[in-house]
Amino acid sequence: MNKRIIIIVLAACIKASAQPKEGGHCPAPIYARDFSKMEVVDTTRLRVRYAFCAEKIDDHLTYIDLQRLDVGRRITKYYSQFVYQSDSLRSKYAKEHPGAQAVPSWMGVQCREHDQWSEYEWSDYFIENGQLTEYCQMPQWLHRYNSKYREAVPKQEWKLTNETQTIIGYKCQKATCHFRGRDFIAWFAPAIPVKRGPWKFGGLPGLILKVLDKDGLYTFEAIGIETRPHPITRFKEFKNYTSYGREKVWKMQRSFHENWFKATDFHKATINPDGTTTIGEAVSIFTPYNPLELE
Amino acid sequence: MLVILVIGGRMQAQTVIEGTVTDSLGQAVDAYVTVSPKGTGSIIGFADTDAKGYYKLQFKSAADSVVVTAAGMAIGNVARVVANKSQRVDIRARQKAIELKEVSVKADKIRQHGDTLNYTVGAYQQQGDRVIGDVLKRMPGIEVSESGAIKFNGKAIKKFYVEDMDLLQGRYGLATNNINASDVATVQVLEHHQPIKALQNKSLTDDVAINLKLKNAAKGTVAINTMVGGGWQQSSPWRIGSRPLTDGQTVIGQNPLWTAEIVGMYFAKKRQNMTLYKGNNTGDDVSRELTEHYSSINSVGLYPFCPMNAVMPNGSGLPQKRTFDNHSHIATMNHLEKVGEDSEITMNIAYHHDDIRREGTSESDRFISEDSRLLTSETLISQTHLNDLSGNLRYMWNAKDGFLANVIKFDGSWNNDKVEGLLASQLNGPQPINYGSERTHQHFDRPSLAVSNTTNLIKNIGKHTLDLHFSAGYAQRPNTLAVGVDSLNMQQEVFNTHAYQQDIDSRHINANFHTNYNFHFGYFTLSYGIIANASLHGITTDLDGFTPPAASGSEVGSSPSDTPSLRNDLWYNTYELTLGQHYKWERGGWRISLGCPLNLYTQTLDDRVRDDKHSYVHLLVSPTFSTSYEWRDWSGNIGASYYRNVGDPGGIYSGYIMNNYRSFQRSYVEQLSETDRIGTSASIGYRSALNATFFRLNANYNHTRDNQIYGYSYQGATSVVQAVDQATTADSYNLSFDFSKGFDWLQTTLRAFGGYGHSHSEQLIADQLYPFNSRTISIGAGGTITPLPWLNFVLSSGYSWNSSYTDSGGSDLLRTVRTATQRLSMNVYITKQMTLSAAVEDNYTNLTAENRHAWFGDIKAKYKLRRCDLELQLNNLFDQRHYTRVTYSGLDIYTNTSQLRPRNILATVRFKLL
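Sequences listed follow chains V and Z, in order.
In terms of my numbering, the first sequence opens at residue 357 and continues consecutively.
In terms of my numbering, the second sequence opens at residue -17 and continues consecutively.
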């Protein structure tokens, strides 16, 4: 089956405003993860929801993503709630509509840029025994590169300051660090005795409720805390993801963002009067990308 | 594991506090310890406990006392206030669940737009994009053809809405080519779209639809856009006969050039209207916008049989803009009115008028026998008058508990072709004959009429759904092809009448019904369907002026007493009942599918000329099989299919019909044609996104067997074609590859492709069977490069070799056609308002005596002002006057030279009236 991707593209570049804050261009994956094959690995003691790159913190539709930190007894998981919900609705949809040959590409909250893939939305992070495992789902037509890697839980060298502010009712103290090429500002809540935060952030004496980089490209801000227990789950299909080192996964993600057209062998095409398609010249469009991790 | 962080600038003595954190039983707990000056709450240092519960804090503070807090998920926060001095502080904490206030900015609101993908138009709109079709082309997954047809992820869209209403009923090219991009807020792609509300939770479709959400400012107001333009080119006389036929050195097109359009649109909640006029004489085919890309309802197809046409200058292979001398006008009115909450009436009327003139020379070099070939040269000037009027009226009631739609369609046309020609022919070989030159006049009058009515009723009765779909239609073509050949007229001493006249009155009545069901069991999908179809063809033909070859008995299968007739009067009816079945198994990277439709196919032939009635019943089985496997960057698939086709209207007439003035054909040989075809294919592919390397190799083989062969005989330049009861087979083999590689350097992409094809088949010429072979080799390469953000180049280059020979023939028959095409195009984004594009192209062919290289160049500049858009085109820069294309067909070589529109300049201005 020829999976060559074909389209008519006359553009010399894709407008930067079409992209998530960090630039790059990749359409969202087509395949939903299979909810019928999931294992429960722990139970939450704390669940924190973070807005990712919100324009207005009280409007979900202005977020690029809503993400969850599930803190369990042994395992801590960080993942996208929007993608999880979309995949879950899509799985349900597929079950309820057995005649479907494909499922809708996105269901649930129509957040900002939901048709755009980002590794910060389509990755699940598990912390267990001091190790962080990242399972990365890759963009449209590149799912064969779905990958996983493991590293020691990253440690940020924090500098505490005595500035404070209140976030969702918790008094937070400011701390700063330099991590993988960027300077970050974090606000942690000493009243919440959990040394974690969004994404790969942690290590402060209290839950990190807000992190932003100094350039203002990326923000994570808590919008809700729950203590009711929830199961922490892991998709069985993660076992089929290919193991690579962090560097290789990082390079792939960066190159996909920078030129998804090149990576997918995108071609111009003409539809003939008989409905067939004639494949034309290859398309290569570079879109500058500014990832969260610069190294 | 002692990490200490300190803040504060003053010089203070360092304090060290250490100790253990344990639970009530004295066991170490997973916790950390913080320290803050008393009364501030501001943490100045913290340390984790180790496996034994030990911690060590080092900090500097001027405070008298500090708060040391042990914290952890198991113990919460346990604080001790101690003096600010180095000391040991052991903390024993009780296990307790953390008590935190649950907070939330606001409850999550899930907006379920399950099947909708929204593209914000502003995000994809670029410099130079004017209408929504320009922006659609850039949206990932969406492809738009020149006529405006849209595909999403390779699938043709089944509905096109503006503000959720289907105003255009399939002619959505009108919307994509005319609605301003700046008036559209969002393009919604609706996947799994089920337009029938009563089926929305019952029946799933794989259909994709597009909905344009307009900006508020564009709703409820009348918008009128207009465009006018003019230009100059060298002109030539227009009417046929206004100048003598020449050696083809004149040009086509008229001076001055003009183009104009006016588009009115109104989109409100209960009423939508789109009315437009477009016209030009610049070669632009505006009628493309009237193409119906989908039918609003499954109406029957109506194809009254008419196997004749005028011989026209054709086949340049160039864009029609270069070869068309036209006077085009289209006008269309589309109106939608909501007549109730769930019902609406839609009316669409379209009219197309055109006068198209073409001029060219066609040369054919046809195989007659191993040592002789028939050479013909024909210079033609044609003028086609088109008048097409079509309309449909649709009522639709679309509610949750039921659906009713009724569509009445009407299609009428009064079209005719007039062609003046000069034909020269000669037979080469041991006994050369020069048939001399003939002046020919063809007049093809081809009116047609089609009406149909389609009703679809869907009703939910409890859990079940009743779905009735019935469509029936009638079409008729009373057509006449009249041909005058000067010498024949002189022989017959008849002037001002036609040498040949073919009348056809063809009718087609068609009705159908179908339904489909799917089942799923684990990895298996089973699909079954029932299709019922009745198709009735009534064909009456009468040919004057042709003397058929004497029935030699053997190859002409009619009864020996009859001379072959020049009349047909028959009804050919087919009744089909098909049980469709399709099985699919998918798991991991594997996908296996098997289809096996069973078709009970009944045909009746009532030939009133031969007074012969026959009926035939066949059970046709057409299995298909395919399997594919994907593993990481590799994929492979193989497939095979078999089908059998019995009879078609083209194979049942026993009286001669003039296909064109040089070809007369009869096709019935006492039995229906039977065709068996076996096809197999295999491919293997590699695609690495990491190093942007893509490769695919395809191979396929086809074998066809027919129970009859068409035999050719020649009377001068005229061919007489008869079906002969003799089996024939054909085989073809093809191998092709495609390789591409992308580089980061200047966004460069390189591509190479190539193919080899070989086919073997038979031709029956003058009772002699010639097995023959053809071979095609093609290779090509190309690339794109973007040296600067505002500059982009595209280069492509292709070569092909084509040759044919008979198994027994000498090498003199082996002539190779070599063709090559090179093209370089460039886009320059000079400023945000100004875009310049230029293209140069060379087409080469080796078989023409002169003008082997044809160079084309075009330049286009666009300038966007606040209130209007300006465009300037310079076409055919090198003033190429004619273009020759050579094609192979079997053992015959055709050379078509078309007259072209000369160098021309055209300027247009486009603005909004309202």
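It is worth saying that the hints were derived from the structure and are not from the lab.
Be careful, since some hints might not be right.
As the list claims (entries may be wrong) - If you want the ones that stay clear, here's a sample from chain V, every Cβ over 12 angstroms from chain Z, calculated: (1) V397; (2) Q487; (3) Y505; (4) R506; (5) R538; (6) K556; (7) T620.
As the list claims (entries may be wrong) - With a straight-line Cα cutoff of 25 angstroms, these simulated DSS-like cross-link-like pairs (lysine-lysine) come out: (8) Z/K137 with V/K448; (9) V/K515 with V/K504; (10) V/K451 with Z/K382.
Even for Gly, the Cβ is constructed at its ideal location relative to N, Cα and C.
(message) For each hint given before, does the structure comply? Return the numbers of the non-compliant ones in rising order.
(response) Checked against the structure, the hints that fail are numbers 7, 9, while the rest are satisfied.
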